[in-house]
Amino acid sequence: MDLGTIGGMIGGFVLIIASMFMSGASLGLYVDPASAVMVIGGSYCALMIANPVQRVLNIMKVGKIALYLKSYEKEKLISTLVSFSEQARREGLLALEDGLDELEDKFLEKGLRLVVDGTDPSLIKSVLYNELNQIEQRHSAASKVFEDWGKFAPVFGMIGTLQGLIAMMANLGDQASVGKGMALALITTFYGAIVANIFCIPIKSKLDDRHGDEMMVKEIMVEGVLSIQSGDNPRMVEEKLLAFLSPAEREMVKSESSTGE
Amino acid sequence: MDLGTIGGMIGGFVLIIASMFMSGASLGLYVDPASAVMVIGGSYCALMIANPVQRVLNIMKVGKIALYLKSYEKEKLISTLVSFSEQARREGLLALEDGLDELEDKFLEKGLRLVVDGTDPSLIKSVLYNELNQIEQRHSAASKVFEDWGKFAPVFGMIGTLQGLIAMMANLGDQASVGKGMALALITTFYGAIVANIFCIPIKSKLDDRHGDEMMVKEIMVEGVLSIQSGDNPRMVEEKLLAFLSPAEREMVKSESSTGE
Amino acid sequence: MDLGTIGGMIGGFVLIIASMFMSGASLGLYVDPASAVMVIGGSYCALMIANPVQRVLNIMKVGKIALYLKSYEKEKLISTLVSFSEQARREGLLALEDGLDELEDKFLEKGLRLVVDGTDPSLIKSVLYNELNQIEQRHSAASKVFEDWGKFAPVFGMIGTLQGLIAMMANLGDQASVGKGMALALITTFYGAIVANIFCIPIKSKLDDRHGDEMMVKEIMVEGVLSIQSGDNPRMVEEKLLAFLSPAEREMVKSESSTGE
Amino acid sequence: MDLGTIGGMIGGFVLIIASMFMSGASLGLYVDPASAVMVIGGSYCALMIANPVQRVLNIMKVGKIALYLKSYEKEKLISTLVSFSEQARREGLLALEDGLDELEDKFLEKGLRLVVDGTDPSLIKSVLYNELNQIEQRHSAASKVFEDWGKFAPVFGMIGTLQGLIAMMANLGDQASVGKGMALALITTFYGAIVANIFCIPIKSKLDDRHGDEMMVKEIMVEGVLSIQSGDNPRMVEEKLLAFLSPAEREMVKSESSTGE
Amino acid sequence: MDLGTIGGMIGGFVLIIASMFMSGASLGLYVDPASAVMVIGGSYCALMIANPVQRVLNIMKVGKIALYLKSYEKEKLISTLVSFSEQARREGLLALEDGLDELEDKFLEKGLRLVVDGTDPSLIKSVLYNELNQIEQRHSAASKVFEDWGKFAPVFGMIGTLQGLIAMMANLGDQASVGKGMALALITTFYGAIVANIFCIPIKSKLDDRHGDEMMVKEIMVEGVLSIQSGDNPRMVEEKLLAFLSPAEREMVKSESSTGE
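Chains as they are written, first to last, in this note's numbering: chain A, 1 to 261; chain B, 1 to 261; chain C, 1 to 261; chain D, 1 to 261; chain E, 1 to 261.
The hints are simulated quantities; they were obtained by calculation from the structure and are not laboratory data. Certain hints may be false.
[What the hints assert, rightly or not] Straight-line C-alpha distance at most 25 Å; calculated DSS-like pairs for lysine-lysine: (1) D/K151 - D/K106; (2) A/K106 - B/K74; (3) E/K106 - E/K70; (4) E/K70 - D/K180; (5) C/K125 - E/K125; (6) E/K151 - D/K74; (7) E/K106 - E/K61; (8) D/K64 - E/K125; (9) A/K125 - A/K61; (10) C/K74 - B/K144; (11) A/K70 - D/K144; (12) B/K151 - D/K144; (13) B/K180 - A/K151; (14) C/K76 - B/K110; (15) A/K144 - B/K70; (16) D/K125 - A/K125; (17) B/K110 - A/K144; (18) C/K180 - B/K180; (19) E/K125 - D/K125; (20) B/K125 - B/K64; (21) B/K76 - B/K125.
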């Protein structure tokens with residue numbers, strides 16, 4: 001569970017509501033279901049024009065990714081790759097086949113299977129990078145839906161406000177109704193800003209961050225697979241892959257591996 | 001028919017009109033043909049200065065692309081390419097010639113014909129990528145027209161509003177007319193925001209998406225054609241091309257091909 | 001004559017003036033020479049600080065490019081290059097020299113002359129691409145002047161409006177003068193928006209488009225010159241160059257060349 | 001101590017407060033803890049949704065980097081590398097091992113140790129650049145937190161202002177309270193602009209600058225290590241590395257080294 | 001002396017002041033030293049946080065570059081390089097040494113000295129391009145200070161306006177003081193817009209332009225030095241370097257060189 005995402009959302013709403021209380025205004029002033037429908041519905045419609053339907057309908061499934069922490073255990077991955085590399089040196093590339101079924105990650109399994117099959121290195125590289133490219137495109141398509149939403153929500157808030165202002169202006173009669181009309185008109189802009197800045201924009205940012213983590217793990221895999229195939233010295237393989245970690249993570253792996261040996 | 005595009009547009013308009021009703025204002029308040037002419041006409045004029053006339057006149061033809069779903073059947077394309085690859089291995093590259101006429105896609109046909117003619121691989125690559133580049137430029141020119149429109153429409157809305165405000169300010173006499181003048185002035189901004197955000201910007205986005213799909217299909221073709229020419233193992237060709245698909249699509253192809261064999 | 005540029009400008013102004021009439025306000029309300037001097041003069045001054053003087057003084061000469069259509073006759077160029085290629089194959093590269101003087105385009109003439117002189121291909125490539133780079137830089141410098149203008153004009157409009165507002169605010173006395181002061185203040189913003197969006201921004205866009213067309217023609221020339229030098233098969237040369245055309249243009253060339261042969 | 005960062009912040013606040021005094025308004029007018037909580041708290045919540053929690057919690061530790069000057073002594077580094085290069089030429093690469101323990105920088109030590117171990121140059125390059133990439137990613141992730149904050153702070157200021165305006169509009173009754181409500185509403189926007197422009201945005205900019213300095217030092221190291229390995233002439237190594245310095249810094253090294261020899 | 005920069009600045013100020021006169025308001029209305037301190041001082045503080053102190057303190061020295069025209073005499077440079085190339089062909093590379101001391105440009109001298117010393121071409125290339133990179137970074141760091149200023153100045157104008165509005169709103173009592181408070185509040189925004197758009201942004205743009213000119217001259221030098229080393233035909237060297245000039249400049253060199261021979 002990503003406490004940052006959940007805590008941030010709850011915290012944001014609590015702050016806004018607390019701030020309403022403190023301003024002394026009645027809370028009911030800020031509740032207008034019609035405005036909410038206008039902002040959320042309208043921006044969702046624009047989203048459906050801008051993106052393939054399937055992708056927009058899946059948006060909640062994608063958004064959930066931002067709610068769960070996925071720990072990648074890069075350290076464990078590296079030691080797995082190093083031990084594969086040692087085995088390959090001792091017993092030959094074919095000996096790796098037995099261990100493949102135990103791998104959870106399909107991408108790594110595929111890469112190593114290509115190695116075991118004796119595929120040409122440049123071909124392995126092209127197959128794996130091609131797949132990375134496709135993952136990148138799928139991820140950026142998903143994150144673009146949130147980015148689009150973060151743009152359309154304030155715009156539909158503004159459209160709603162304009163609409164309210166026009167209605168209000170046409171009846172400038174008594175001053176009391178002017179204030180209420182104006183207050184109502186501003187609510188859509190208010191909703192639009194909240195939807196965009198507590199929901200769409202930060203979630204898009206976290207999805208991109210998650211994507212970065214996943215890509216780094218995949219790159220460690222590609223680098224490791226190619227190193228294993230080219231028969232690099234296992235110590236060299238480790239050196240190469242440790243460069244992907246931060247100094248702190250690196251220390252952990254080193255102390256661990258020195259204990260293990 | 002792309003239900004997202006059509007549904008999104010209809011939904012957006014319905015929401016805006018429903019919201020007008022609910023605000024209790026008469027619908028007539030929001031109808032001002034002169035303002036519509038100003039916003040749409042003015043931005044269309046700017047569009048004609050900014051882009052070649054022919055391209056602007058074709059804008060509706062291009063826009064229609066966003067209304068129709070084009071399914072690319074990547075899975076079928078890959079199995080076609082794999083079977084070409086098998087045939088080439090068994091019977092030689094010349095044997096491919098007979099099957100070329102049945103191909104619907106001219107780009108693929110051209111690529112394979114160059115292979116059958118024994119053209120140099122680097123030349124094939126340059127011819128095909130050159131053509132991809134040209135397609136990319138034509139598409140981005142078309143999508144730029146919508147992008148420009150999405151920028152000019154709100155600007156002409158603002159110009160109209162300024163014009164209305166100036167007229168209104170000069171006659172600040174009675175308050176009632178002030179309100180009406182103001183309401184009228186705001187209508188152009190309102191129209192500009194709607195034109196841009198329910199029409200131009202989302203359609204531009206969907207056109208780009210369609211372009212991405214088409215380019216991916218074309219890249220599968222290029223990759224396939226070059227693999228066939230270099231005499232790659234058909235299983236390897238399939239592996240290479242399947243990397244373009246998402247895991248879900250890949251499963252479909254695999255189960256299918258295992259049934260077919 | 002580029003009817004789009006001229007028609008768009010005239011259309012834009014007609015629409016704005018018609019819209020003034022329709023709003024019932026007197027046209028005189030929108031005419032304020034001092035404001036025009038402020039917006040156009042002020043932004044022109046900023047332009048002179050931001051860009052070399054010579055380039056700013058030449059701006060009208062550059063702008064005129066947007067008024068004239070230049071048809072590049074890519075189809076004719078390609079058949080010229082193909083016939084050079086045929087001649088080179090039959091009679092050798094030296095035989096091309098006689099036809100060079102008839103070429104109108106200096107860039108193409110230079111490229112072919114380098115070929116006739118037996119210059120090294122990598123050197124030809126570097127000379128021609130170097131020249132393309134320089135053309136690109138000159139063009140983008142010219143188009144940047146319009147881009148800058150499109151940014152400074154609205155800003156000076158806003159500066160003028162602020163200035164007017166400050167003067168008006170200091171004399172909030174009688175309401176009638178407030179309205180007039182406000183109307184006058186807004187006129188600079190109004191002018192700035194019109195100058196930028198009917199003149200600077202769309203012209204910049206069309207200049208870039210023209211640049212794209214010219215670059216494509218030059219790239220066809222480079223590709224053709226290098227193909228001729230390397231002694232490619234004329235049919236292959238044609239195939240390569242046709243990839244630069246859109247499918248419609250390609251059909252025209254093909255039908256023509258098949259008649260001609 | 002980076003006097004620019006500290007002086008700039010203090011100076012900025014002093015100016016703003018002095019300006020409050022001079023405007024004759026009571027200072028208390030600008031103090032509203034609830035608004036501060038709304039702007040800072042709200043934007044911090046959005047930050048936690050947008051970025052990994054750990055990174056947001058560390059933000060102050062990262063921000064402190066902007067407070068301290070780190071002098072990189074590029075001149076000393078270059079002379080160290082040149083003397084290593086001389087030693088390697090005289091006594092062979094293995095002779096470098098003794099001096100490695102005295103190096104403070106772990107990155108340089110690692111690079112030279114790989115050289116001493118006789119690692120393949122391309123492998124050294126890949127290991128070192130890989131590590132540079134990872135440093136780059138960690139730094140840009142840290143600076144992105146400040147960038148995000150610089151965007152969210154004004155937005156939450158605006159959300160607070162909208163909220164205040166809505167409350168105020170609903171009670172347009174007596175004019176006095178209108179003014180106070182409006183003043184209060186504007187305070188969140190005021191706070192948001194200050195937090196973003198005296199704190200977040202400039203600090204992000206200085207962090208990026210520091211990153212640039214560090215990267216340049218690391219690039220000098222990589223270049224030096226590879227030059228030492230390839231056995232370049234020490235005078236050539238110096239020439240190569242001096243190119244990284246500005247003319248002024250270069251003069252210093254040259255005069256120094258000529259004294260030293 | 002760059003008349004564009006100076007004329008543009010003077011012209012801009014004259015226009016603004018003339019426009020103040022014409023609006024009939026007293027000039028004193030626009031003079032408020034405290035506001036000027038707030039806008040200029042505040043943005044300068046933010047600048048000191050955002051950039052290294054030394055660079056901000058040097059800003060005026062850098063800004064002066066925009067005031068002086070530096071003519072690069074590219075034509076003369078090219079004929080110098082061509083005559084070096086002729087000499088090298090006739091008398092060998094070592095013969096160039098005598099002419100080096102007469103060269104004013106240190107960069108060119110360094111490049112040719114490396115050639116005379118018989119340095120490896122790839123090494124020369126790396127040394128020279130490395131130095132170009134460093135020049136580029138120093139220049140862009142300097143121009144970024146103006147860019148930052150151009151962003152901070154309007155922001156501090158806005159902060160000042162918000163501050164003034166808050167003070168004014170809290171005393172909505174008599175209408176006359178409202179107007180004056182409002183006028184005063186707007187002055188900081190007015191100053192910010194002027195500082196940014198007559199000073200910072202256009203100067204940044206001109207600095208970038210100057211940088212482009214200098215880089216082109218340096219690139220001609222690199223290209224020339226490498227051509228001389230590889231022993232290219234002097235006519236070819238000229239052809240290569242002339243590609244950097246515009247057609248007009250090229251004509252001048254050609255007519256000159258044909259007279260000179």
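Against the structure, the hints come out as follows:
Distance hint between D/K151 and D/K106 is unfulfilled; the C-alpha atoms sit about 36 Å from each other, more than 25 Å. Between A/K106 and B/K74 the alpha-carbon distance is near 22 Å, which keeps this suggested pair within the 25 Å criterion. Distance hint between E/K106 and E/K70 is fulfilled; the C-alpha atoms sit about 17 Å from each other, no more than 25 Å. Proposed proximity of E/K70 and D/K180 is contradicted: the alpha carbons are some 57 Å apart, above 25 Å.
Distance check on the hinted pair: C/K125 and E/K125 sit about 19 Å apart at the alpha-carbon level, within 25 Å; holds. In summary, the hint linking E/K151 to D/K74 is not supported, as the alpha carbons are separated by about 32 Å, beyond the 25 Å threshold. With a C-alpha separation of about 22 Å, the suggested pairing of E/K106 with E/K61 holds against the 25 Å cut-off. Restraint check for D/K64 and E/K125: the C-alpha separation of about 40 Å exceeds 25 Å, so the hint is violated.
Among the hinted pairs, A/K125 with A/K61 is inconsistent with the structure: their alpha-carbon atoms are about 31 Å apart, more than 25 Å. Annotation: proposed proximity of C/K74 to B/K144 holds, straight-line Cα distance about 23 Å (limit 25 Å). Proposed proximity of A/K70 and D/K144 is supported: the alpha carbons are some 21 Å apart, at most 25 Å. Taking the CA atoms of B/K151 and D/K144, the gap is about 28 Å. The hint is violated against a cut of 25 Å.
Among the hinted pairs, B/K180 with A/K151 is inconsistent with the structure: their alpha-carbon atoms are about 31 Å apart, more than 25 Å. The suggested pairing of C/K76 with B/K110 holds, with an alpha-carbon distance near 23 Å, which does not exceed 25 Å. Restraint check for A/K144 and B/K70: satisfied, since their Cα atoms lie roughly 21 Å apart, inside the 25 Å limit. Distance restraint check for D/K125 and A/K125: the Cα-Cα separation of roughly 19 Å lies within the 25 Å cut-off, and the hinted pair is therefore satisfied.
Distance check on the hinted pair: B/K110 and A/K144 sit about 35 Å apart at the alpha-carbon level, beyond 25 Å; violated. Taking the CA atoms of C/K180 and B/K180, the gap is near 18 Å; set against the 25 Å cutoff, the hint holds. Pair hint E/K125 plus D/K125 holds up; C-alpha atoms about 19 Å apart against a cutoff of 25 Å. Of the pairs offered as hints, the one joining B/K125 and B/K64 is violated, with about 32 Å between alpha carbons and a cut-off of 25 Å exceeded.
With a C-alpha separation of about 23 Å, the suggested pair B/K76 and B/K125 falls inside the 25 Å cut-off, and the hint holds.
Of the numbered hints listed earlier, those contradicted by the structure are 1, 4, 6, 8, 9, 12, 13, 17 and 20.
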